[in-house]
Amino acid sequence: MTALENASTATVHEQPSVPHRSRTGVVVLFVVLGLALVACAVLSAGTGQLHIPAGEVVSSVLHRLGLGGAPVASHPHGESALWSIRFPRVAMALCVGAALATGGALMQGVFGNPLAEPGIAGVSSGAALAACAVIAFGWSFLGPWTTAAFAFAGGLAATFLVYLLSRSGGRTEVVTLILTGVAVNAVAGAGIAFLTFLGDTQAREQIVFWQLGSLNGTRWPYVAIVAPLVVVGIVTATGFARRLDLLALGERPARHLGVDVERLRIVTIVVVALLTAAAVSFSGIIAFVGLVVPHVVRMAVGPGHRVLVPASALGGAVLLLCADLVARTAVDYAELPIGMLTALVGGPFFLYLIRRTRRTAGGWA
Amino acid sequence: MTVTLSARGVGLRLGETTVLADVDLEVRAGEVLALVGPNGAGKTSLLSLLAGDLAPSSGEVLLDGRPVMAHRPTELARRRGVLLQENRLSFPFEVLDVVRMGRAPWRGTPLEDDDDAAVARAMGAAEVVHLARRTFPTLSGGEKSRSSFARVLAQDPRVLFLDEPTAALDIRHQERTLALARERAGAGDAVVVVLHDLSLAAAYADRILLLSRGRVAAAGTPAEVLDAELLSRVYDHPVETLERADGSLLVLPVRSVEAHA
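Protein sequences, first through last, are from chains A and B. All residue numbers for the first sequence refer to the numbering used here, where the first residue is 1 and numbers rise by one. All residue numbers for the second sequence refer to the numbering used here, where the first residue is 366 and numbers rise by one.
Hint data in this document are derived by calculation from the structure and do not stem from the laboratory. Even for Gly, the Cβ is constructed at its ideal location relative to N, Cα and C. It is possible that some hints are incorrect.
Unchecked claim - Label-pair distances were calculated between CB atoms; the ranges are:
| id | chain 1 | residue 1 | chain 2 | residue 2 | range |
| --- | --- | --- | --- | --- | --- |
| 1 | B | Glu-440 | A | Phe-194 | 48 to 54 Å |
| 2 | A | Asp-260 | B | Arg-378 | 23 to 29 Å |
| 3 | B | Pro-475 | A | Arg-242 | 16 to 22 Å |
| 4 | B | Asp-611 | A | Ser-17 | 35 to 41 Å |
| 5 | B | Pro-475 | A | Val-235 | 55 to 61 Å |
Between the sequences and the hints, there should be enough to build the whole structure, so can you do that?
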C-alpha cells in the first residue's frame, strides 16, 4: 500500500480559522425594513382626502393601546376615519404584501429557480378563478370565509398542476415553468371570462375590478380572515426555511443530507397556496411582488432562507404599503388599481431578471 | 472487519434495459473500495443503489443490517454521505454556507456543538478555506468539486460514496482527495469511490470491483483485478500494467505509434 506514504501528507489537519459571515448586514436590513414599515404605515394612515398629521396618528394609536396619547382632534371625523377606514386598509396592505412576497420566496426555493412567482406560474390566476366563481354565483355557504376557502382550493390545484407539469427528472427548467404558467393563466383567464359573461351586471363589475387588484373597501372583518392565514403561512415557512436551503443543492444532495424532499415540497406548496389565497381573496390580483422583493433581499443579504423568508415578508409589506399609498393619492378623487401599479413596475423588472439570468445562464439550467 | 454495507444479488432494470444484474458486494469499515469499469458499465447506478437513492429491481442492499431505504432520511444522512459527479446550486450561497449544510443531519444532537470545528476541519482538509466567502456558482469546476467534498467531510458519515471525485481536479488535488479518503478509512469509516483512473485505484483502494455491462467482471485486491488481459477485454482497448520498483502498480493504455505522429 504505497498510498499510505502519500496519505501521511494529509494526516495532520490543523483547524484553520474560517472567516465568519458577519451578521451586521442582516441586522441592518431588519432594522431598516422595520423602521420603513412603521413610517409607511403612519404616513399611509394619515394621508388621503382627510389629512391627519403623523403625530396625531401615533397619538391615537397610543391612546387605543392605553399608553397615553389622545384621539385625533384636528378633524371631527378623524378618529373614525382612521380606525374604520385607514387602519384596516393599512393592515390589509401589510398582510397581503407579506403574503405575496413570502409566497414568491418559497416558490423560488421549492422550484430551485429565482424566476418562479405565484403570478407568473399561474397560481394566482387559479386562486382568482375560484374566487370569481364565488362572486359570479353569489355563493356564501361558508360565510365570510367562502372566497378565501375557494381561492385556497383554486390556488392549491393550480400549484400542484404547475408543479406536476413543469418538473421532469427532479428539476424545473425555467422555460417549462413559464410556459406552463402561460397555459394555466390562459385557461384560468378563459374561465374568468366565462364567469364574467355568466354573472349579472353587479357581479361583472365586481370581477373586473377585483382582477385589477385593489385594497379599497377593506374592513376589519376581512383583515381578521386574512391576517391569521398570513401569520400561519409565514411562521410555518420560517420553520422549514433551513431545509429549503438544502434543497438549493438539488433533490438528491438534499436527500443525502436527510431532507424528506417530497414532504418538504408538498408542505411548501400548500403554504404557497395558503399565502396566495390569503392575498388574493379580498384584494384581487396583485402581481410581481413575489418576484421583486425576494430578489432584492437576496442581493442585500444572500440567499439563506432563514433570513430571506422573514425579510421578504417585511419587505413585501413595505412595498405594498407604498404601492397602496400611491394608488390612493396619485390621482385626485380617484383610485388607481394597485395590481396595475405593481405590474407596471414588476413587468420591466421581470424582463431585466430574464436578461440577467440568461447572461449568467444559472436560471436556465 | 465489520461489514457496514452489503449488496446481495442486486439488479436494476430501467424500462427494457438491464443496467445492473446479480451484483454482490461488501463494503467494510476501514476500507476503500473502488468501483471501476468502462462508461455505461453501471458504476454510478450501483453507487445510487448503495446510497439509497434508487431501489433495486431485485436483490437487496443492507446498511448496518437493515435495508438501506428503510432508514429514516436523517438517520441515513448520519450514516452515509454522497459526493455526486455534478454539483450545482440554485442560489448563490457562499462556500462556507455550502460546507455548513453538511452539518444539517446533526442538528438537534449533542454533536451539533462540534459544527464550527467540523466545518473548519473539512474546509482545511479539502483546501477550500480561501474560498469561504466566494459564492458557489462563481467557482471553477475543480473548486466546486472540492467545496462539495468538504461538505461531505463536514457531514462526517460512517460510509462515504464518492462518484468520480477526482474528475475535475489537478494532480495535487486528485492525490489529496484520495489521500483524505484513505485517511477516513484509516479512522474506521468505509469509502466507496468510483474512479476512471486505474492507477489511482491501484494506489489508493484496498479492493477494486470491476464492472462490465452491469455485471461484476472481477472483484478483489488491486493486484488481483488489475490484470492486463482482463482489462483489455473489459475496456475493449489494449491495456498494459507496469509494476514499479516500489511495488506500485501503473495501468496504461497501449498507444499505437501513429497516435504520437
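Hints, verified against the model:
no.: 1; hint: B:Glu-440 with A:Phe-194: 48 to 54 Å; in the structure: 52 Å, holds
no.: 2; hint: A:Asp-260 with B:Arg-378: 23 to 29 Å; in the structure: 26 Å, holds
no.: 3; hint: B:Pro-475 with A:Arg-242: 16 to 22 Å; in the structure: 19 Å, holds
no.: 4; hint: B:Asp-611 with A:Ser-17: 35 to 41 Å; in the structure: 38 Å, holds
no.: 5; hint: B:Pro-475 with A:Val-235: 55 to 61 Å; in the structure: 28 Å, violated
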